[in-house]
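Student: The primary structure of each chain is shown beneath.
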Amino acid sequence: MSNHLPTGLPPHKAGPDQPLYVPIKRRSFFMYAGATAGATALVLAGCSKDDDNNVSRIDVGSGDGGILNYAYALEQLEAAFYAQVRTSAYYTAAGTPAAIKQVFDDLALHEAIHRDFLKAALTSKNITPLKDLKTDFSSIDFSSLNGILTAARTFEDTGVAAYNGAGRYLSDNALLGLAGKIVSVEARHAALIRDMITYNSFVSSDVVNTFSPTLPANATTAYTGDGTPSLTPAGSNGNPVAGAERSRKPQDVLNSVNNFLASDSKLSANSFG
Amino acid sequence: MNLFKLISDLEQADPEFLDRVNPRRRVFKYLGNAGQKVTAATIPGLLASFFNKAYGQATLPSDVQKVLTLALQLEYLEFHFYNTALGVSGLIPSSETNGITTIRNDEAGHINALRGVLGTSAPSYLVTDFDYSGGGGTGTGPMATALVPNGAGNANGALFFAAGQAFSDVGQRAYKGGAPTLNTASTKDILEAALNIHSVEARHNSHFRTVRRAIAANALGSATAAAVSPYDNAPKSWINLIDSGGPTAPSTSNPKPAAAVYNAGNPAANYPAESNTTQATVDLTTINPAYTAAAVSEAFDEPLDPNTVQTIALNFTSVAGKAKGLFQQTF
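In order, the protein sequence lines correspond to chains A and B.
Quick note: the numbering used here has the first sequence finishing at residue 273, numbered continuously throughout.
Quick note: the numbering used here has the second sequence finishing at residue 331, numbered continuously throughout.
Treat the hints as calculated values from the structure; they're not laboratory data.
Only a predicted model underlies this, so the values are computations on that prediction, with no experimental measurement involved.
Just so you know, not all the hints are guaranteed correct.
[What the hints assert, rightly or not] A few chain A residues that don't get close to chain B, going by computed Cβ distances all over 10 Å:
1. G65
2. Q84
3. Y91
4. G95
5. N126
6. D141
7. T224
[What the hints assert, rightly or not] For lysine-lysine, the following DSSO-like pairs were computed, each having C-alpha atoms within a straight-line distance of at most 27 Å:
8. A:K181 with B:K66
9. B:K188 with A:K181
10. A:K131 with A:K181
11. B:K188 with B:K66
12. B:K66 with B:K324
13. B:K322 with B:K256
14. A:K119 with A:K181
15. B:K256 with A:K181
16. A:K134 with A:K119
17. B:K188 with A:K125
18. A:K101 with A:K181
19. A:K119 with A:K131
We treat Cβ as the ideally placed atom computed from N, Cα and C, and that holds for glycine.
Using the sequences and the hints given, assemble the complete structure.
Tutor: Structural data, given as structure tokens:
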């Protein structure tokens, strides 16, 4: 599949023959031309023949087990990232503030716990867990706080959008409940990381559909939701509503996170679109 | 109003938008079939039916409707609180005004979204339907100074931010508790919308906690002030065990008014306290010595049942609000 890079992700390992933005334009155009043409364009744009360079993909599977393995893959990636942060030049430097190191210690623990929990959950359901994925963090600058935070923001925001977009595919409500318990913690992470990069950017317009309310003139008039939503996501596949996060579908997420996985660990989610 | 630009924007925002309106995507035919000349004057009404067709549902399952109505009531609770605070001169430090404005606007957006799903018969609430003192209508509850600049316990808005933390944690736990009810074949889009609101509540909560750390460290505007154990006054951006009962209020009779926000719901087996360390029958502290109870509890937020949510929220409901049935649905 093509690399549909969402806003905020650095271009990574895009070959000269991979037109990153052209397919999106085509897609927009064809949607006006009608349903059949649009769907065809989507398929064509999504699967240009030289895109994959014959690299195989490990599919996460189908059904609830597929979503569990998909979550397991994302948590493996995050856990590996924060483990590397804790051995980075920035983290180990003498002057790094204790409060910042504490944040990274917490994040590393949370994500490792998520990873091990999901593996245990898969095993208990007699579903074969994905293998231990090999990561490729060569695009990340681990020597500076900004480099680490920028990558962390990508991982956390992607994680939230991924869990939000995956919920609808779960049929077991116990699993939906567990996903809910994890995703809000990912959202806490994302908000703090974003505030550490730019204060007050915890729900900025690149991840949340902002809303400008039209407020009543006085306190005796009820507010009934008047206002102007800004529903302009790039790469969103969810059901956009005002003041809400922009969920993403599994395959869209994996097209992004594959940039951080080694060639023998790249993933697909063909059952979920 | 540029109708065509709006449709095009919506379509980019939601690739399935035209499918929602009409499976055959003959949106312009639909508009033409409305049987009326499209003029500037008729566009608003036309748009309303257009959006209703896309996102509204004629009849929601009653348990879905109740979950969404509770969510709407909680959004009004938060919206009026932040909106009121923004109008109180000297309450919110200038470094925090943008953040609180954004949060207020998000809550307004949630009201917009939920009313869009529930339809025009959805209830609406005035600021006077709430009692932000936490006194359940007395006006003299433990949080009475949360909207008073430099009131007791409220230097730099400390009590206001404490209340914001508690409200948004109730919100995230309530949405989490309601999500399974929304997971029906015909309400998957509603489920996804609710999940997308749920994570925004958690982002808000993280920010409130970040601000509270900064206030405790006298470092307003900084996101990197240290969290201080036992985390009731200078919390982490995530919930550590039960945060020692949550924020402390300047009240001798009820110094921990938010304790129920972090405790177990009912039944506790399904709605454990935030200090829970067992997930899907696995005690996660047993799988690795590094996984302390504190770390495991931080890594998972817990759902809350609607009755417990209502019990908490009724403390913030005025006599007028109670008369309207606010937070009194039967679950």
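Student: Indicate, hint by hint, whether the structure satisfies it.
Tutor: So, going through the hints one by one against the coordinates:
1. Taking the minimum C-beta to C-beta distance to chain B, about 14 Å, the non-interface status of G65 (chain A) holds against the 10 Å cut.
2. Every CB of chain B lies more than 10 Å from the CB of Q84 (chain A), the least distance being 17 Å, so the non-interface label holds.
3. Annotated as non-interface, Y91 (chain A) keeps its C-beta farther than 10 Å from every C-beta of chain B; the closest such distance is 14 Å.
4. Consistency note on G95 (chain A): stated as away from chain B, and its beta-carbon is indeed over 10 Å from all of that chain's, at 14 Å minimum.
5. No Cβ of chain B approaches the Cβ of N126 (chain A) within 10 Å, the least distance being about 14 Å, so the stated non-interface status holds.
6. No beta-carbon of chain B comes within 10 Å of the beta-carbon of D141 (chain A); the shortest separation is about 19 Å.
7. Separation of T224 (chain A) from chain B is inadequate, the least Cβ-Cβ distance of about 5 Å not exceeding the 10 Å criterion.
8. As the CA atoms of K181 (chain A) and K66 (chain B) are separated by approximately 22 Å, the hinted pair is consistent with the 27 Å bound.
9. Pair hint K188 (chain B) plus K181 (chain A) holds up; C-alpha atoms about 19 Å apart against a cutoff of 27 Å.
10. Taken as a hint, the K131 (chain A) and K181 (chain A) pair is honoured in the structure, with Cα atoms around 24 Å apart against an allowance of 27 Å.
11. As the CA atoms of K188 (chain B) and K66 (chain B) are separated by approximately 16 Å, the hinted pair is consistent with the 27 Å bound.
12. At roughly 15 Å between alpha-carbon atoms, K66 (chain B) and K324 (chain B) fall within 27 Å of each other, so this suggested pair holds.
13. Distance hint between K322 (chain B) and K256 (chain B) is fulfilled; the C-alpha atoms sit about 24 Å from each other, no more than 27 Å.
14. Restraint check for K119 (chain A) and K181 (chain A): the C-alpha separation of about 16 Å stays at or below 27 Å, so the hint holds.
15. Between the alpha carbons of K256 (chain B) and K181 (chain A) the distance comes to roughly 24 Å, so the proposed pair stays at or under 27 Å and holds.
16. The hinted pair formed by K134 (chain A) and K119 (chain A) meets the criterion: a straight-line CA distance of about 16 Å does not exceed 27 Å.
17. Between the alpha carbons of K188 (chain B) and K125 (chain A) the distance comes to roughly 24 Å, so the proposed pair stays at or under 27 Å and holds.
18. For the proposed pair K101 (chain A) and K181 (chain A), the alpha carbon gap of about 25 Å is at most 27 Å, so the pair holds.
19. The straight-line distance between the Cα atoms of K119 (chain A) and K131 (chain A) is roughly 10 Å, inside the 27 Å bound, and the hint therefore holds.
Violated hint for the displayed structure: number 7, the only one.
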